[in-house]
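Chemist: Top to bottom, those sequences are chains U and D. Per this note's numbering, the first sequence starts with residue 264, numbered consecutively. Per this note's numbering, the second sequence starts with residue 73, numbered consecutively.
Among these hints, one or two may not hold up.
One-sided and incomplete, this derived list gives chain U residues near chain D with beta-carbon spacing under 10 Å [what the hints assert, rightly or not]:
| no. | residue |
| --- | --- |
| 1 | N277 |
| 2 | A292 |
| 3 | K295 |
| 4 | W401 |
| 5 | V419 |
| 6 | L506 |
Simulated from the structure, these hints should not be mistaken for lab results. Even for Gly, the Cβ is constructed at its ideal location relative to N, Cα and C.
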Amino acid sequence: MKVLVTVKRVIDSNVKARVKPDQTGVDLANVKMSMNPFDEIAVEEAVRMKEKGAATEVVVVSIGPAQAQETIRTALAMGADRGVLIQVDGEAPEPLAVAKLLKAVVAEENPNLVLMGKQAIDGDNNATGQMLAALLEWPQATFASKVELSGSKATVTREVDGGLQTLEVDLPAVITADLRLNEPRYASLPNIMKAKKKEIAVKTAADYGVDIAPRLKVLKVSEPAKRQAGIKVETAADLVMKLKNEAGVL
Amino acid sequence: MAVLVIADHHDGVLRDTTQKTVTAAQKLSGDIDILVAGQNVDAAAQAASKIAGVRKVLSADSAALGQGLAEAFEALVVGLAANYDAILVPSTSSGKNFAPRIAAKLDVAIISDIVEVVDANTFVRPIYAGNALETVQSSDAKKVITVRPTVFKPAADGGSAPVEKIDAGAGAGHTRFVSEEIVKSDRPELGAAKIVVSGGRAMGSAEEFQRVIDPLADLLGAAVGASRAAVDAGYAPNDYQVGQTGKVVAPDLYIAIGISGAIQHLAGMKDSKVIVAINKDADAPIFQVADYGLVADYKTAVPEMMDALKAAGK
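Just need the whole structure built from these sequences, with the hints factored in.
Modeler: This is how it looks when you write it as structure tokens:
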């Protein structure tokens, strides 16, 4: 069984995103970039499937600038077999365009399963997996906290509002990873070295004949209203009194 | 212009996220229909018909819709899409699950998690977990939008729209519902709670976390949250996590206890109306966003707070 995993290069989750003064976007210059944390979980899950013998090959795909090769390299060091980078310079394509590109990659690679992070922590759309499933007319199981494969089916436990839902989907399917699915490993030094020799194919959107023109025009990116630091209270009793009488929230 | 709002409901009860999404729909100025899709939806459809200013309510009943299967919602809504210029969905875990599927099938962008309607084509949505706001203008003729319910006021009742039963559409051939395990907790859901009490790494153990945080939350009728540090240390389960990689919450009152205020946590709670921080480190970054800060050891401050709450009638 072949598994396709998608990874996005995003601002490291420990770095605060800063809006550019001209409000054209978020400043990415000289900012630490990392693999989207949810994608890391998806990679981990795919690698575990391979280690258990459930998957035979793990192919990792990224769409982004040339530097996204480093993100693919990280996934290869975690245990993925080879990579595909669809190089897109400038603004990151929207979820619909990404889903169309991934559909083209799926047509080429014929995976039995596509594993993705549930959302990227930059655009926060939480949409690409669902869109890819729709375009492929495949079943989807989003926000997965547990995945069990058996033959041509996957049983997936999903995080839903207020609890968990378990679905059985026929493969091929798209599964998107939530936080609780697993804890991604740190790549070991020997595996980092090995990953340097693994193959990454570099393509363009034009290679797949996909139109990635945006449907949404970003008019501006602004900073949310800053919170003013409030006041310090002296005692817990004072705090309760203020919450009741001043803030009116009790 | 015609707008379809997809209702959020459970066990026959219409959730107020529906009314809040109707408020967002009103800003598009057009006729508003509500789709109530699920199983045994009559009571929820009746409730939806009472929302003021609604043209009609469509009700669709099937097992697959009742199970919230995205494939079933896609088939149903794509079938209705010809009649509408915009489709608005509350940004719940279910809405996020099926709305992008509908957008992809219609070959339009998904406009996710909007917090403001500027005009019929222009919307504001948070990116980077709310650290930035993006104003986007759509060029698609038809729009599929998910609406962050916490920022819109619920539309008032006062209407009496007709309820029309419609065909539920195809099921979900390749997806089967196995089971559902909804946590039976007396506490409100973290994402929807009016008050959230969160604990951080200062708790030091899972036992201490439960000993300190749970009683205060129960006294306030609050949901319980945790910082990533507390979750990573095993003091609280992962689904308690508030932050960029966990849940984003915006309650009326957020009480952070023993939480230093890492960026990743602040991103998940800084839109709360009132933030309270209790921390013995006066320099903790959490105090920079807190409306009320109490520099104290939680071990003494929380019991004192509970006494004061009880004295105030809680």
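Chemist: Each hint should be assessed against the structure and marked as holding or not.
Modeler: Right, here's what the structure says about each hint:
1. A distance limit of 10 Å between C-beta atoms decides the matter here; for N277/U the minimum to chain D is near 6 Å, and the interface restraint holds.
2. Restraint check, A292/U versus chain D: the minimum CB separation of about 15 Å is more than 10 Å; hint violated.
3. Among the interface hints, the one on K295/U is violated; its C-beta lies about 12 Å from the nearest C-beta in chain D, farther than the 10 Å criterion.
4. Look at W401/U: its Cβ gets to within about 7 Å of chain D, closer than 10 Å, so that hint holds up.
5. At about 9 Å, the closest approach between the beta carbon of V419/U and any beta carbon in chain D falls short of 10 Å, and the interface hint on this residue holds.
6. Using the Cβ-Cβ criterion of 10 Å, the hint placing L506/U at the interface with chain D is satisfied: the shortest such distance is roughly 7 Å.
Hint check: violations occur at hints 2, 3; the rest are consistent with the structure.
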